[in-house]
Amino acid sequence: MDNIAKLLREFHRASKVSVFTFNQSLTPLKAFKLPVTPEFPTKYLKIFKNLNQPVSLFNTGGEECFSVIKLDDAKKTTYIILWVNTATLEITGYYEDRFPSIGLQRLTAYTRLLYFSLFQSFPVISEPTEISDIAFTSDKKHDSSIQLRRQEKIFHNSYAKEQKMLEALEKGNQVQFDKCFTDFIQSGSYGQMSLESDLRNKKNIAIAATTLMTRSAIRGGVHPEAAFALSDQCVQRIEQQSDVISVSDLVQEIGTLFINRIKSSKKYSNDAVVYMIQDYIFKNLDKKISLDEIAKTVGYSKNYLCRIFKKDVGITIFEYINIQRIHEAKSQIIFSNQSIFEIANNLGFSDQSYLTKLFLKYEHTTPSQFRSKYFVS
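Numbering (UniProt numbering) for the sequence shown: 1 to 377.
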């Protein structure tokens, strides 16, 4: 099974398709998936007991489909599930897969490739079985849950108040954000995003909030690459938590991180050439960045680039590089266990003292003092 697990891990890395394994008792064994992807829905597991074919394909009729490869040997049965859902499609960029026929075609191809890797032969796959979501979601437990929420006057948080909160974040206004966040919390409840456990539910809520805040930060002027990088770091830290006492405190803390990034960001430019410069800088913060290399990449003279950048952004290219490196250093100080020396080295600083000098200039504190105040354990 170890070799199979290695194969499934590499398959997931190559395809970005979520892969889950279950034993014959339908107990989960392994999961290979992206952090934003939820666990495979347990409501579908009951159909596995009736599978007679080595490979089966299912379409829920919604924005998801999955295949099941059944591994039988003398002692046990193992189920391998390839699951394509909305989160998987969005992160891989296969937006056309929202149309079920295309999603099923790609899933079928991936299933055939994985099966061949396991058995050195291609499987015969029948037409997909259509599964009605209604059959799985309209059971008595679900109905009674909705009825109970109505009786107790417990409803989801207000969408209008959520938008007000995100608008405050987009403006980089911490005071307004805190007020709107309180109004949002008091407007209802988060809801139940997972039945697996309270911890899983809290993590899913925090991840969903991070996704919304990431988009607001981009609209507020944070470069998309920087916003997505901060989002990734937040999600990774959320997943590492062994306990979440207050999901509201966690979400508010994440919102504050994005607000700080918005407040200290120079809005990314609408000028195509300036944006190319900014984009190159963001993608090469871990390297030594020279004006010659930027000019070569963008395709304009150094003098021209320096002139239009200063005019558009208000600071020089090298000052902009230093500011972005400080932003990235702050993220690594908050979210990683690396030493200040290692972080300085990762970001191309000549030595740790130069990082400290810039930190004092832009943040009015030292890297060590910043870590003591903001480090997320």
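Hints were generated in silico from the structure; no laboratory data involved. Among the hints, erroneous ones may be present.
[Stated by the list, open to error] Below, computed lysine-lysine pairings styled on DSSO-like, alpha-carbon distance capped at 30 Å:
no.: 1; residue 1: K30; residue 2: K16
no.: 2; residue 1: K311; residue 2: K373
no.: 3; residue 1: K310; residue 2: K361
no.: 4; residue 1: K70; residue 2: K164
no.: 5; residue 1: K49; residue 2: K75
no.: 6; residue 1: K311; residue 2: K288
no.: 7; residue 1: K288; residue 2: K310
no.: 8; residue 1: K283; residue 2: K361
no.: 9; residue 1: K361; residue 2: K263
no.: 10; residue 1: K263; residue 2: K287
no.: 11; residue 1: K373; residue 2: K310
no.: 12; residue 1: K6; residue 2: K43
no.: 13; residue 1: K357; residue 2: K310
no.: 14; residue 1: K310; residue 2: K287
no.: 15; residue 1: K76; residue 2: K161
no.: 16; residue 1: K311; residue 2: K287
no.: 17; residue 1: K287; residue 2: K373
no.: 18; residue 1: K43; residue 2: K30
no.: 19; residue 1: K287; residue 2: K302
no.: 20; residue 1: K171; residue 2: K283
no.: 21; residue 1: K302; residue 2: K373
no.: 22; residue 1: K302; residue 2: K288
no.: 23; residue 1: K283; residue 2: K310
no.: 24; residue 1: K283; residue 2: K296
no.: 25; residue 1: K30; residue 2: K6
no.: 26; residue 1: K16; residue 2: K43
no.: 27; residue 1: K75; residue 2: K33
no.: 28; residue 1: K288; residue 2: K179
no.: 29; residue 1: K46; residue 2: K75
no.: 30; residue 1: K46; residue 2: K76
no.: 31; residue 1: K16; residue 2: K164
no.: 32; residue 1: K310; residue 2: K164
Only a predicted model underlies this, so the values are computations on that prediction, with no experimental measurement involved.
Item checked: In rising order, the numbers of the hints this structure does not comply with -> 2, 4, 11, 15, 21, 28, 31, 32
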